[in-house]
Amino acid sequence: MAALEAGAGLGAPPEAGALAARRGSGRLALAAFARSRQARIGAGVIAGIAAFCFLGPFFYHTNQVTVELGSGTLPPGGGHPLGTDASGYDVLGRLMLGGQSSLELGFGVSLATTVVGTLYGAIAGLAGGFVDAVMMRVVDTFLAIPSLVLLLILVNLFTPNLWIIIALLTMLSWLATSRLVRGEVLSLRTREFVQAARMMGGRRSRIMFRHMVPNAIGVIVVNATFTIADAILTYSALSFLGLGLPPPHADWGTMLSNGLNYLFDGYWWLVYPPAIILIITVVAFNLIGDAIRDSLDVRLQRP
Amino acid sequence: MPASTGPADTAPVSTGQPVALEGILEEDVLVRVEHVTKHFPVRAGGLIRRTVGQVQAVDDVSLVIPRGKTLGLVGETGSGKSTLARCVAGLVPVTSGRVIFDGRDVTNLSRRAMRPVRRDVQMIFQDPYSSLNPRRRVGAIIGDPFAIHRTATGGERKRRIQELMERVGLNPEHYNRFPAEFSGGQRQRIGVARALALRPKLIICDEPVSALDVSIQAQVLNLLADLQQDYGLTYLFIAHDLEVVRHVSDSVAVMYLGRIGELGPRDDVYDTPRHPYTAALLSAAPAADPDTAAARQRIILTGDVPSPIDPPSGCRFHPRCPKARPLCSEQEPQLEPRLGDAPTHVAACHFPVEAGEDLAAAAPARSEVS
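Residue numbers (the numbering used here), protein chains in the order written: chain U, 424 to 726; chain Z, 697 to 1066.
To list a few chain Z residues with every Cβ distance to chain U over 12 Å, as calculated:
1) 728
2) 730
3) 731
4) 792
5) 801
6) 862
7) 925
8) 961
9) 964
10) 981
11) 985
12) 1000
13) 1010
14) 1035
15) 1046
Derived coverage of chain Z by chain U (criterion: at least 3 residues anywhere in the stretch with Cβ under 8 Å from a Cβ of chain U; other residues may be distant):
16) 806 to 819
17) 823 to 835
Sample of chain Z residues lacking proximity to chain U, with all beta carbon distances greater than 10 Å (derived):
18) 1003
19) 1047
20) 1052
It is worth saying that the hints were derived from the structure and are not from the lab. For each residue, glycine too, the CB sits at the ideal point set by N, CA and C.
Bound-form chain U, shown alone:
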């Protein structure tokens, strides 16, 4: 109430009241998010991992460039808390470096996927008819191709760097997002409050940004969060198959893949650290996604 009166009292433009209300709705969602234990755990873990990956190297200096075969596969202890791998790289330091690329890639893919998928799906859903049919058949066609096979072929066509991998993973993941958004738009279009807005003479842009976007944003944000986790996993799978970024680049999937070669030699420190941090990261993103979904549900918000 106070916020609204303030907005109105300032002689604000016509939309002020509505804007204040919208902000209020966002704040409520944030409050609900902050109350959720899932969200706190997920966000805390992700913050911790991000700090570990991006700030860790400033405090824990390791050589991740030159091979030192003399000090290969050292068990944890001494100067190497998590030991070293076959090339003599410090595993703890490598986890940080690998995490950087995994997180960058996850966020990069998620952002690109959300933008492309949302625009495509929204256009298809709003246009309807023939345009919609053609656009969605294109999506169906791509979805029909097994994604890992497609990815393997594509990766072989390019010399991968981080940007190319992000682009390739985006090419695969925007399809599902566009379907999701299209479905959401189609269902919102027929809702009576959208018809009511038309009835009042509301412009298309107003209907879009006041009625459709706020109601679809939840689904989109949740999907974006899950996409981060998916992208990190897919990337790790790719690296695991030896198709990730070439050395000296590091990432968790490659570490895992290399470590597996030595598993039967008892070098557990080459496998468990990357596997555990990968699982924790993916689970944390999923926790956040769930929490966002709950917090955007108006019925669960406490005003």
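Following the hints, complete the assembly by docking chain Z onto the known chain U.
Chain Z in isolation, oriented as in the chain U frame:
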């Protein structure tokens, strides 16, 4: 009529002009619907989408609504009443025919041209759960019309919103709440307040109480009646509950499969229904008084409503009509006064029901009737 698919093409089959208009001056008419037809194409296949048929949702409907009065529109689900309302509201374009509002032809106007008309025509929706945006506060929802038409801003807008809330029986203090915090009846009041905001001339009520508990229905109906009195509103009131329509309407139109079967002043239609379909509907409505209920002969219709993609020839009701004769499937009955009724009471039936006639007996023997 041989397998003709487009009754609209073979024009003069149906009612001509001023049905039920006798005694009403032209300037007293707020809404005039002339031969409005709405067909939805039925498409088959994926990409190519051939049109394989037409759903004849509304077919050649003409009616008028006088200022300050309520026209009740009744009919089963799928009879086209909601589509007709949306045609009048300009939410769906009509296939043919004209809608004249307040002396102005508003048929298929562009969005821009329609905008000024929007102030005068508002709608109350059936489902109070889907008609309010769950992410917006009540104040913003009711204030939407002001924002769209830029009629009131800032504190003035808030004052008017709270006035409206008070007028429809909501606590103005609840200005900042979300729709989810209200009951169904309260939500419908929010919808009423929103429709009322711009002081429209016509409010289309699309089954406004059918989603509500019976005890709440009466409150909302009384609210609508009060508002009509205070602001001189005209209602197009759609319902499938006959008692509700009887309570609120001045005149009643009965729709069946996209056509109007009977149209007239409320008491005439309810007391002496001429169309067998109207009679059957009335006999099926539950009566509050058990004696009345016991004394009443129920007319039980067999079969389902036929598909509006391929409606029956002649009178669309003939396959289910207890009085049907060969003529009914051949020739389409005109909507005109029957059996010496007043010119305002018209029915589309070759063999209209006479007062006191026992339709249940007229029905052919049916073994499945229990």
